[in-house]
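Visitor: Residues per chain are reported as follows:
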Amino acid sequence: MAKVFIYPATSLILSDMVTRFGHKPLGSAIAIRERVQTPGLESPPLQITPEEPKKGLAWAAVEVPAGVRGRMSLYGPMVEECDAAIIINNADLAFGCMGCARTNELVKFLLRQKEMPRLELEYPKNEAEGVQFVAAIKKFLTEIGGKK
Amino acid sequence: MTEYKPAYPGTVTRYVVVESYTVTPADVAIRAYEVAKGVMIKENCFGLIVMGKEEDVDRVIAEVRKMDPTHIFVKDRGFPPGDARRCRATLGGARPGFHGIEFEMGILPYISNGLEKTENLDLSAVPAPAPAAPERRLDVYTLKKMIDAQEP
Numbered sequence: 627m628a629k630v631f632i633y634p635a636t637s638l639i640l641s642d643m644v645t646r647f648g649h650k651p652l653g654s655a656i657a658i659r660e661r662v663q664t665p666g667l668e669s670p671p672l673q674i675t676p677e678e679p680k681k682g683l684a685w686a687a688v689e690v691p692a693g694v695r696g697r698m699s700l701y702g703p704m705v706e707e708c709d710a711a712i713i714i715n716n717a718d719l720a721f722g723c724m725g726c727a728r729t730n731e732l733v734k735f736l737l738r739q740k741e742m743p744r745l746e747l748e749y750p751k752n753e754a755e756g757v758q759f760v761a762a763i764k765k766f767l768t769e770i771g772g773k774k
Numbered sequence: 003m004t005e006y007k008p009a010y011p012g013t014v015t016r017y018v019v020v021e022s023y024t025v026t027p028a029d030v031a032i033r034a035y036e037v038a039k040g041v042m043i044k045e046n047c048f049g050l051i052v053m054g055k056e057e058d059v060d061r062v063i064a065e066v067r068k069m070d071p072t073h074i075f076v077k078d079r080g081f082p083p084g085d086a087r088r089c090r091a092t093l094g095g096a097r098p099g100f101h102g103i104e105f106e107m108g109i110l111p112y113i114s115n116g117l118e119k120t121e122n123l124d125l126s127a128v129p130a131p132a133p134a135a136p137e138r139r140l141d142v143y144t145l146k147k148m149i150d151a152q153e154p
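Keeping their order, the protein sequence lines are chains A and B.
According to my numbering, the first sequence is numbered sequentially starting from 627.
According to my numbering, the second sequence is numbered sequentially starting from 3.
No lab work stands behind these hints, which were simulated from the structure alone.
Hints are not guaranteed to be accurate.
Unchecked claim - EDC-like cross-link-like pairs, simulated, lysine to aspartate or glutamate; straight-line CA separation at most 20 Å:
| # | chain 1 | residue 1 | chain 2 | residue 2 |
| --- | --- | --- | --- | --- |
| 1 | B | Lys7 | B | Asp85 |
| 2 | B | Lys55 | B | Asp70 |
| 3 | A | Lys650 | B | Glu57 |
| 4 | A | Lys734 | B | Glu137 |
| 5 | B | Lys7 | A | Glu678 |
| 6 | B | Lys68 | B | Glu36 |
| 7 | B | Lys55 | B | Glu36 |
| 8 | A | Lys650 | B | Asp58 |
| 9 | A | Lys650 | A | Glu746 |
| 10 | A | Lys650 | B | Glu137 |
| 11 | A | Lys765 | B | Glu118 |
| 12 | B | Lys119 | A | Glu660 |
| 13 | B | Lys55 | A | Glu660 |
| 14 | B | Lys55 | B | Glu45 |
| 15 | A | Lys629 | B | Glu57 |
| 16 | B | Lys44 | B | Asp124 |
| 17 | B | Lys7 | A | Glu677 |
| 18 | B | Lys119 | A | Glu755 |
| 19 | B | Lys7 | A | Glu689 |
| 20 | B | Lys7 | A | Glu668 |
| 21 | A | Lys629 | B | Asp60 |
| 22 | A | Lys650 | B | Asp60 |
| 23 | A | Lys751 | B | Glu153 |
| 24 | A | Lys629 | B | Glu137 |
| 25 | A | Lys751 | B | Glu137 |
| 26 | A | Lys765 | B | Glu121 |
| 27 | A | Lys751 | B | Glu118 |
| 28 | A | Lys765 | B | Glu36 |
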């Protein structure tokens with residue numbers, strides 16, 4: 627069972643398919659759950675503390691806005707931990723503020739830099755593309771050692 | 003600063019999203035309650051939120067998935083069900099994150115169809131998805147031509 631980073635990190639489709647074909651998806655929920663379930667000082671809503679932008683320095687320089695570094699403290703460890711990645715490009719779902727946009731660019735850059743199996747595709751727009759989309763993901767996940 | 007004590011440490015929460023024309027979220031909820039055994043289940047408009055120990059949650063999800071395997075989808079969630087920081091009962095408006103699910107709900111029929119069609123299919127026979135068309139940006143030379151073409 628491989629750890630597969632999914633982008634968009636909140637994607638229902640990718641999270642489901644990675645689990646369905648026998649792997650572990652790494653997405654936002656995993657990182658948020660870790661923070662929500664850790665005792666400490668109350669910092670609602672996401673339990674992101676002033677420590678997070680400091681941790682984010684491992685992936686982004688000090689002049690990068692704290693918002694990006696804070697987000698990188700969620701995604702950075704998962705990017706390092708993952709064995710493979712599936713990226714959906716041009717996903718409307720990943721739209722957000724500049725902090726999200728720059729973090730997304732940095733996450734995709736780090737995933738592309740890492741030497742590991744990687745699949746990049748687009749959301750399907752019709753049934754034929756849906757079959758190709760599912761087949762590509764199924765084939766990719768089977769090749770890295772998942773269920774057939 | 004207030005001390006923070008997590009409400010349900012050591013648990014996992016997962017969404018079960020139902021996009022089926024034969025099974026409703028209520029049917030799935032009834033089946034989930036039948037096999038719950040200590041797992042917290044909350045029914046909502048698009049499916050369920052299931053929370054408990056990981057092995058119990060996986061067991062419940064495996065059972066409800068059998069109802070319509072290609073039309074029931076599962077996703078992790080960071081917060082427990084009804085958490086005041088996320089629940090729309092306390093916040094008002096759609097829950098943050100709902101819009102993402104709403105967007106993908108429109109694509110789920112294609113995915114369900116794809117899962118059905120590829121079940122017994124030789125995957126090497128399916129062509130790879132076409133890469134996205136390159137982004138067409140206005141280059142500086144064209145812009146200059148357009149500026150020059152302007153009537154004074």
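Visitor: For each hint, tell me whether it holds in the structure or not.
Guide: Here is what the structure says about each hint:
no.	hint	result
1	Lys7/B x Asp85/B	13 Å, holds
2	Lys55/B x Asp70/B	24 Å, violated
3	Lys650/A x Glu57/B	14 Å, holds
4	Lys734/A x Glu137/B	17 Å, holds
5	Lys7/B x Glu678/A	19 Å, holds
6	Lys68/B x Glu36/B	14 Å, holds
7	Lys55/B x Glu36/B	17 Å, holds
8	Lys650/A x Asp58/B	17 Å, holds
9	Lys650/A x Glu746/A	18 Å, holds
10	Lys650/A x Glu137/B	33 Å, violated
11	Lys765/A x Glu118/B	15 Å, holds
12	Lys119/B x Glu660/A	37 Å, violated
13	Lys55/B x Glu660/A	15 Å, holds
14	Lys55/B x Glu45/B	18 Å, holds
15	Lys629/A x Glu57/B	18 Å, holds
16	Lys44/B x Asp124/B	39 Å, violated
17	Lys7/B x Glu677/A	18 Å, holds
18	Lys119/B x Glu755/A	12 Å, holds
19	Lys7/B x Glu689/A	34 Å, violated
20	Lys7/B x Glu668/A	8 Å, holds
21	Lys629/A x Asp60/B	17 Å, holds
22	Lys650/A x Asp60/B	13 Å, holds
23	Lys751/A x Glu153/B	42 Å, violated
24	Lys629/A x Glu137/B	31 Å, violated
25	Lys751/A x Glu137/B	18 Å, holds
26	Lys765/A x Glu121/B	12 Å, holds
27	Lys751/A x Glu118/B	17 Å, holds
28	Lys765/A x Glu36/B	35 Å, violated
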